[in-house]
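Colleague: Protein chains in written order, with the numbering used here: chain E, 1 to 316; chain R, 1 to 284; chain L, 1 to 367.
Everything hinted at is true.
Taking lysine to any residue and the SDA-like style, the derived pairs with C-alpha atoms no more than 25 Å apart in a straight line are:
(1) Lys-126(E) - Val-49(R)
(2) Lys-161(E) - Leu-60(R)
(3) Lys-276(L) - Gln-243(L)
(4) Lys-148(L) - Gly-205(E)
(5) Lys-126(E) - Val-50(R)
(6) Lys-33(E) - Ser-193(R)
(7) Lys-33(E) - Glu-122(R)
(8) Lys-126(E) - Gly-36(R)
(9) Lys-148(L) - Ile-230(E)
(10) Lys-97(E) - Pro-170(E)
(11) Lys-186(L) - Phe-315(L)
(12) Lys-161(E) - Val-43(R)
(13) Lys-126(E) - Pro-204(R)
(14) Lys-33(E) - Ile-124(R)
(15) Lys-84(L) - His-230(L)
Honestly, the hints are just simulated from the structure, not real lab data.
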Amino acid sequence: MTVQSDPHSATSLDVASRDTKGTSRTTGALVRKIRTGAPVVPFLVYVILVLGVPTGTIVAFAFRSNTGRFTWSNIHTILGTTAQTLEFRTGFENSLKLAVVTAVIPGVLGTIIAYAISTSEHPAFKRITAATSGVLAQFGGVNLAFMFIATLAATNGLVTKWLAAIGLDPWNHGFDLYKFWGVAFVYMYFQIPLMVLIITPAFAGLRPAWREAAEGLGASRWRFWRHVGIPVLTPAILGSMFLLFGSGFSAYATAEALTGGTISITPIQIGSILQGNVIAGEQNIAYALAFAMIVILLVSVVIYVLLRRRTSRWLL
Amino acid sequence: MASLELGAEIADPSQIDAPYGAEAPLNKPQRRFRWGRGAILIVTAAYFVVPFYAGMEYSLQRPTGGFSLTPLSQIASAPGFASALWLSTQLAVITMVVVMALMVPTVIYVHLRLPRFRRVMEVITILPIIIPPIAYSVGVLESAPQWLRNSQYLLAIVYVILAMPYVYRSLDAGLGALDVKTLVEASRSLGSSWLMTIWRVLVPNLRAALMSASVLTLALVFGEFTIANVDNWQTIPVWIYLAPTDNPRINTLVAMIALLATAVVLILIVSLDRSQSRNSRRSA
Amino acid sequence: MTSVTDVSTPVGADVHTLSGAPVVFDNLTRRFGATTALDRFSLNIAPGELVALLGPSGCGKTTALRVLAGFERPDSGRILVDEKDVSTVAAQHRNMGMVFQSYSLFPNMNARDNVAFGLHIRHQRSSQRRAKAAELLDLVGLGEHVSKYPHQLSGGQQQRVALARALAIEPRVLLLDEPLSALDAKVRAELRDQIRAIQQRLAITTVFVTHDQEEAMSMADRVCVMSRGHLEQVATPAVLYSQPATPFVGQFVGVSSRISVTRRGDHVEILGREVKIRGDLSAVPTGELEALVRPEDLDVAVNPTGLGVITHRSFLGATTRVGVGVAGANLRADVRSSLADDLDVGTRVDVSVNARDVLVAASQPAS
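Isolated chain E, as found in the complex:
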């Protein structure tokens, strides 16, 4: 090794730990820092290689022309400024709308359910709902789509038949399982459990002493929630909703299987370009769409992290 030829390097560790002044002190601190950090390196390397590099590749390809040069044109295309490219713009609009709807409604419902679960007196019930939420939160895609088709398909769906029997066939009242609201309804099947999963710890952090203190000071149940309970939980609830937003925004398999790729949302558009349903040479447009999605998702992660920081200060 070349290091051995240089006596200073060879002993730099010892020197650094003994010498307490000058630059070697900072070197010593750095060495210590590296040593303490070393055990998490495998994890970080794995994440960088398997998550970071592919993401970076997408970003790089988003700015690459068909000839391999740098270009802004992909980005221009997906912004949908011309008539031919309007579909991308519509796709983003629909995706954002879908993500917001499936963040807000399941967010509110999930919060109420988590509260109902957290106030239950049966510990077994709590454990079972927690476990079920874990399974359902990642139940999506093809399996989920098939299940809902069996439930709500026109004419033959089980619930459709039930409702039709009492004269309330949803398909006669503007419902379409394969359009926006149908997809949103199906997304809730994994979004609600996801919300329950991530918001439950916040309810556990709500101390009984706060409630009793408020009550002892003369506050009614309603005033406790108004002045303490809801303000304390708000950052956690909002933060979790941003996470649901991300999950709903990026979901692909469920919508693909349910609508056969007919719904105009960005993940489906990316999928159909990449699977060659569109003219070749357009691949880079797909990367640009993916890049735009990642930018939007990163913003929602940053907001989630900021809100979470506040929550953990309050609730831990």
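Use these hints to put chains R and L onto chain E, whose structure you have.
Modeller: Leaving out everything else, chains R and L in the frame of chain E:
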């Protein structure tokens, strides 16, 4: 101890609100609240159970009416099912081993020595939940070296990332309920090595957390469609979607069984392992 | 135990206004499943008095406090505050200030808003609330921290804000539920004195739950010792220490040695000396008896032919505590440190009792 039971009682806010004297008119809000909670839980349960029931009914219904269990026996012989099951099983095992080997030591170490790094871990392990799988799968294929790109095990490598959110949260909660520092110091002072400490002291105490993390990983591998599809490997979910079977009901049935099996196994784990939950309640 | 003497001030003697209300626990019973947390518990508390509820965990002291606060409903019995039965009044209407074990400050409000919360609920004007909150934070010595949030305050500071918050509503009774147990020793001692000083200045009736006897003895006008849901003895700290009414109190408060004795009428024979039995003779159990003797009631003298042997010694400052093995028992005795030089381990000694009377209990298997 009375004081412990007391704590458990207080945890229920509806009890705190209970007014004095059963005849007091103040009793009403409590009743209404109970009804409200019951109604919410019933409607929710219906939303989650009815589609499942519909799926079951659809797949087990005879064309002539009535039900039969014959589709169950047809699963095994359905073309492509066996190889899809074998592939998914292999992927599940590899993913579980790798994700545990990577996460268990890291999370324990972070809890013990690098508490500031927990924030970073938390953010990193959130990313797989929100990264668009369709974009991610393409990014992986574009950046993977050729030899890996042709291998089915590339999927396992990627699933490790996707499993991280659930595994991390499970382990973090499990460790949070333990006094890790004291346990480790006690074990070390008794002369045990680091590996021994992790294996003999921490892992047994994390049993429930590790098991639920494994089951969630299993559920993930048996449910992931997008990446497997883009990468052109016929895992169970891809088979369910694409396989040309004579009877499409079989596909739905497999989907139902996969969901039911994971849910049942996970519920069994959490309800059988009562010691863990009792410990965490006491320390809370 | 050494600080017992300084809490002899008569109740409310040097206070002009008596704002505290008398409190009566009347025959309260509360069960949780199979355990009886309160068993026909009765206690009268005078206006302005500070009573400590002391006992091992599970003795019912916390339940008694929570019943008084209105967080628990008694199965039977009454609570009287100011001679009115409040047993059916909801906690939010009882007007009692409570300080909890820890972490009860609302995390979303700064110190001032926390203190002003009860006034807000009572619809006081904003300016009035702020003034009152500032005044109370001054009182607890946190005048400079009005706009800090709980997570920016130390544990001791948080508990002082909690005290100010409880006092802001001008409660009829102040309830303290082990407010010092989560703090470190130095802060605990400081805050103990501060709480006592404020309580005496405001002359507010106070019930204080603790499992720490030193805390109870140093702060309370009277200490109420509880075990298994019932009251063992309620008395001033000095009386509690020198004249425990029951063997439980004798064992639980301070240190006692148990010595086997035989009864002779109203006397027992201990270590060759006749000593009077304390208290009601009819309450003395039959069968094997033991006397409970405080370390300072035993005299130890070097004697090469004595029956006792020194088994250990520990230096406590002014006194040295020695263990003496006599006839199979191990007694603890306190000796002035200046006279303890000769009492090395293994030295043969004579032991004798120098008390006027002793508490006698049924013999217990050695523990």
